[in-house]
Amino acid sequence: MWINMGPQHPMTHGLWNLRVKVDGETIVDAEPEVGYLHRGIEKICENRTYPQIIPLADRLCYGSSLTWSHLYCMTVEDLMGVEVPERAEYIRVVTLEMQRLASHLMWLAAYAVDLGMMAGFIYSMRDREVLVDLLQSLSGSRLTYNYPRIGGVAHDLPPNWDREALRACNYIETRLKEYEDLYEGSKIFMMRNVDVGLLTKEDALDLGVTGPPLRASGVRYDMRKDRPYSVYSDLDFEVCSRPEGDCFARYRVRIDEMWESCKIIRQAIQRMPKGKWRTVAPRNAPVGTGLGRVEDPRGEGMMYVVGDGSDKPYRLKIRSPIFITVSAAPSMLVGYKMADVVAIMGGLDMCIGECDR
Amino acid sequence: MNLFQFCNGIIVWLVELVNNLWYWLGDVLPWYFGDFFTGIGDFAGSHGHIVVMTIVLESLMVIIVALINVLNFIWLDRKLSGRIFDFYGPYYVGYRIGGWLQNLADGMKLFVKEIIVPAKADKLGFLLAPVIFVGSSFLILATIPLSPNFGIATNESGEFVTAGVLFAFAAFAIAPFSILLAGWSSNNKFTLIGGMRSAAQMMSYEIPLLLTVASVVLLAGSFSFVGIVDAQHDIWFAIPLFIGLVVFLVCIAAEVEVTPFDLPEAEAELVEGWTTEYSGMRFGLFMMTSYLRGYAGGALATALFLGGWQGPSLIPDEIWFLIKAYTVFVVIEWMRWSLPRVRVDQILELGWKRLLPLAVLNLLIAATFKTMGWFSG
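Chains as they are written, first to last, in my numbering: chain H, 1 to 357; chain S, 1 to 377.
Think of the hints as simulated: they come from the structure by calculation, not from any bench. Please note that a few of the clues may not be correct.
As the list claims (entries may be wrong) - Below are the DSBU-like pairs computed for lysine-lysine, each with C-alpha atoms no more than 35 angstroms apart in a straight line:
| id | chain 1 | residue 1 | chain 2 | residue 2 |
| --- | --- | --- | --- | --- |
| 1 | S | LYS79 | H | LYS187 |
| 2 | H | LYS312 | H | LYS276 |
| 3 | H | LYS201 | H | LYS177 |
| 4 | H | LYS21 | H | LYS317 |
| 5 | H | LYS263 | H | LYS225 |
| 6 | S | LYS189 | H | LYS187 |
| 7 | H | LYS337 | S | LYS189 |
| 8 | H | LYS177 | H | LYS263 |
| 9 | H | LYS312 | H | LYS225 |
| 10 | S | LYS79 | H | LYS21 |
| 11 | H | LYS276 | H | LYS225 |
| 12 | S | LYS113 | S | LYS123 |
| 13 | S | LYS353 | H | LYS187 |
| 14 | S | LYS370 | S | LYS353 |
| 15 | H | LYS187 | H | LYS21 |
| 16 | H | LYS225 | H | LYS177 |
| 17 | S | LYS189 | H | LYS21 |
| 18 | H | LYS177 | H | LYS274 |
| 19 | H | LYS317 | H | LYS225 |
| 20 | H | LYS177 | S | LYS353 |
| 21 | H | LYS21 | S | LYS123 |
| 22 | H | LYS201 | H | LYS263 |
| 23 | H | LYS21 | S | LYS353 |
| 24 | H | LYS225 | H | LYS43 |
| 25 | H | LYS337 | S | LYS120 |
| 26 | H | LYS21 | H | LYS201 |
| 27 | H | LYS337 | S | LYS353 |
| 28 | H | LYS43 | H | LYS276 |
| 29 | H | LYS337 | H | LYS276 |
| 30 | H | LYS177 | S | LYS79 |
| 31 | S | LYS123 | H | LYS337 |
| 32 | S | LYS120 | S | LYS189 |
| 33 | H | LYS317 | H | LYS201 |
| 34 | H | LYS337 | H | LYS201 |
| 35 | H | LYS317 | H | LYS43 |
| 36 | H | LYS312 | H | LYS274 |
| 37 | H | LYS177 | H | LYS337 |
| 38 | S | LYS109 | S | LYS189 |
Required output: the full structure, derived from the provided sequences and hints.
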């Protein structure tokens, strides 16, 4: 029996469709269908000037919009050859890690409610508020920040913001301990996660899976370490990885990443130099190409821009991590029960905005 | 005075009042009408009619008590979940009484909503499933007394039926059938899977549940609630049969479908499970009845393990009973809001590999105590 889980289904977190073929409750086949939210952002970008695209890039992903506008700015800086002031780089790293924390907390909230645990949803969303409030005081908005600029960031940090950020880190760390107790202390949570949705290392590499699902399969691969951008090469942090490749490993990798993010924020605030936070970028880009790759909370995000000498890009290609990762769904799903679909697909942290572009 | 005598008094008074009218009409009207009205009066005054009407009134009172408790339960559940989840819960509707009127407002909203029947649904089954579900759930309360004086399954002198426990659990076990019927007749894949899960789930929890009940019955030596509660005069069965209480609470949570075991309506993967296609007040009835079953589960746990209505006589028996039932309900709700959902194969494993041996062990303990003559009242 083919069952359409989606496009309107509580499991999907967005607008996509997972067709599963079940035999009783066991899944024998699966087929993800995406594209319901296709907005043609890549084409729209060809008709906008370079600065006008920053808010559009924000709208790629509702979970972690800052990553994408940062990636876009990075790509265009590569194309234009703009040097970013060091302070701006540090501010970017702090905000990026905050965005990663917020995104992972939102994932945790959605994951908890997928497993039927309402309390986890409310707690994670409550704690995400702290980070969103900080980013709001920085940029003025709570979801699509529109904060990075080509050649820096829009504003300097508000007064006392760094102190607030450190306090937020402490708060999140106490909460993370609580989450570990809440989830890992729950026998039912472990029953639902351990040995569910196994993705072998070979499969993960073959299918092009990146981000936490790849690291949970035992591959130590993180853009921040392996191809450092911004000032990540100066900062000291671990690449979180687990060998198991099941849902619990994915959960655990994300929790570990949150700890690492707190560490990175502390270091970056400590080392942040004084000075300019923005340089003037040229209006027109030269003829040539620019490439940017970042470690999005969901995997490796990549942008490729082709400039033709005018103030508009000739072509902007966006590589979305989730678009690739979701194609690994059948290899993870087959053989498990129907109730595991939510655990497995929830563990991938679907974000349809960037997937369908 | 017990409930039967109380209702009997009301009915006798009412019948006498109305019979004045019938006999007066019989006097003033010509014979061919008059005899008719006199006959009505004679019928109304007959013993059989009065007993039947008394039982109807009794049932009505028990249902009203149950419904008021259900309103309290829903309110308590919302407030409690609010405390667990860091929000206030219902607040504005009925501001002075802690948002208690929110349930009535929600009920009104559900009443005015359209009842949608899917075009390809089996109309009869779709209509019948809520009736069976709600009816069987009210039937559970028929034999559960709130005190020796407040119950409807009595004879005229107030003695309770001897097999009340059997009847209550039999009525409790009807619901999965109606869930399966609802799931099948809705003609929807999600509801179908929900209904099937309900049947699978029932197989896992029903046997341990009844084995723990059997241990209580064995220890008390009685099948009636009054006998079981009287046997707990010295010590509640929760203490000698602690394992049984734990097994019973887990099984009751599965029976009333709260979150660790709400597989039939697992909203994450099955949209809303077997209630997906129901709308308006039919859905409202399902919601209301699930809390009613929570009330019945709490009442059963109270009567079987927590000493029923026994307690210091400062407050009435019925209130003692309700306090204990509310406590059990709060424990179940606490579990509901803080645990994730188990999987369908895991609940079978839990039922057969964990709960069943524990229930058998509990039965063994009860048999030992009975043989030694300990704790059996």
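Each hint tested on the structure:
1. S:LYS79 with H:LYS187: Given pair LYS79 of chain S, LYS187 of chain H holds - Cα atoms ~27 angstroms apart, limit 35 angstroms.
2. H:LYS312 with H:LYS276: Within the cut-off at roughly 27 angstroms; holds.
3. H:LYS201 with H:LYS177: holds, 29 angstroms
4. H:LYS21 with H:LYS317: holds, 34 angstroms
5. H:LYS263 with H:LYS225: holds, 15 angstroms
6. S:LYS189 with H:LYS187: At roughly 30 angstroms apart (the allowed maximum being 35 angstroms), LYS187 of chain H and LYS189 of chain S satisfy the hint.
7. H:LYS337 with S:LYS189: holds, 15 angstroms
8. H:LYS177 with H:LYS263: holds, 15 angstroms
9. H:LYS312 with H:LYS225: holds, 32 angstroms
10. S:LYS79 with H:LYS21: Distance ~41 angstroms between LYS79 of chain S and LYS21 of chain H Cα, so the pair is violated.
11. H:LYS276 with H:LYS225: holds, 26 angstroms
12. S:LYS113 with S:LYS123: Satisfied, since the Cα-Cα distance of roughly 19 angstroms is no more than 35 angstroms.
13. S:LYS353 with H:LYS187: Distance of about 16 angstroms is within 35 angstroms: holds.
14. S:LYS370 with S:LYS353: It holds: about 26 angstroms lies between the C-alpha atoms, which stays within 35 angstroms.
15. H:LYS187 with H:LYS21: With Cα atoms ~29 angstroms apart, LYS187 of chain H and LYS21 of chain H stay inside 35 angstroms; holds.
16. H:LYS225 with H:LYS177: It holds: about 26 angstroms lies between the C-alpha atoms, which stays within 35 angstroms.
17. S:LYS189 with H:LYS21: holds, 12 angstroms
18. H:LYS177 with H:LYS274: Given that 35 angstroms is the threshold and the Cα spacing comes to 34 angstroms, the pair holds.
19. H:LYS317 with H:LYS225: holds, 24 angstroms
20. H:LYS177 with S:LYS353: holds, 33 angstroms
21. H:LYS21 with S:LYS123: holds, 28 angstroms
22. H:LYS201 with H:LYS263: Given that 35 angstroms is the threshold and the Cα spacing comes to 28 angstroms, the pair holds.
23. H:LYS21 with S:LYS353: Holds, because 30 angstroms separates the two Cα atoms, which is no more than 35 angstroms.
24. H:LYS225 with H:LYS43: holds, 32 angstroms
25. H:LYS337 with S:LYS120: Cα-Cα ~28 angstroms, so holds.
26. H:LYS21 with H:LYS201: With Cα atoms ~25 angstroms apart, LYS21 of chain H and LYS201 of chain H stay inside 35 angstroms; holds.
27. H:LYS337 with S:LYS353: holds, 20 angstroms
28. H:LYS43 with H:LYS276: At roughly 34 angstroms apart (the allowed maximum being 35 angstroms), LYS276 of chain H and LYS43 of chain H satisfy the hint.
29. H:LYS337 with H:LYS276: violated, 55 angstroms
30. H:LYS177 with S:LYS79: holds, 27 angstroms
31. S:LYS123 with H:LYS337: holds, 31 angstroms
32. S:LYS120 with S:LYS189: holds, 12 angstroms
33. H:LYS317 with H:LYS201: Between LYS317 of chain H and LYS201 of chain H the Cα gap is close to 28 angstroms, so the pair holds against 35 angstroms.
34. H:LYS337 with H:LYS201: holds, 22 angstroms
35. H:LYS317 with H:LYS43: Since the Cα atoms of LYS317 of chain H and LYS43 of chain H sit roughly 9 angstroms apart, the hinted pair holds (cutoff 35 angstroms).
36. H:LYS312 with H:LYS274: holds, 33 angstroms
37. H:LYS177 with H:LYS337: Roughly 31 angstroms between the alpha carbons, so the hint for LYS177 of chain H and LYS337 of chain H holds.
38. S:LYS109 with S:LYS189: OK: LYS109 of chain S and LYS189 of chain S at ~28 angstroms, within 35 angstroms.
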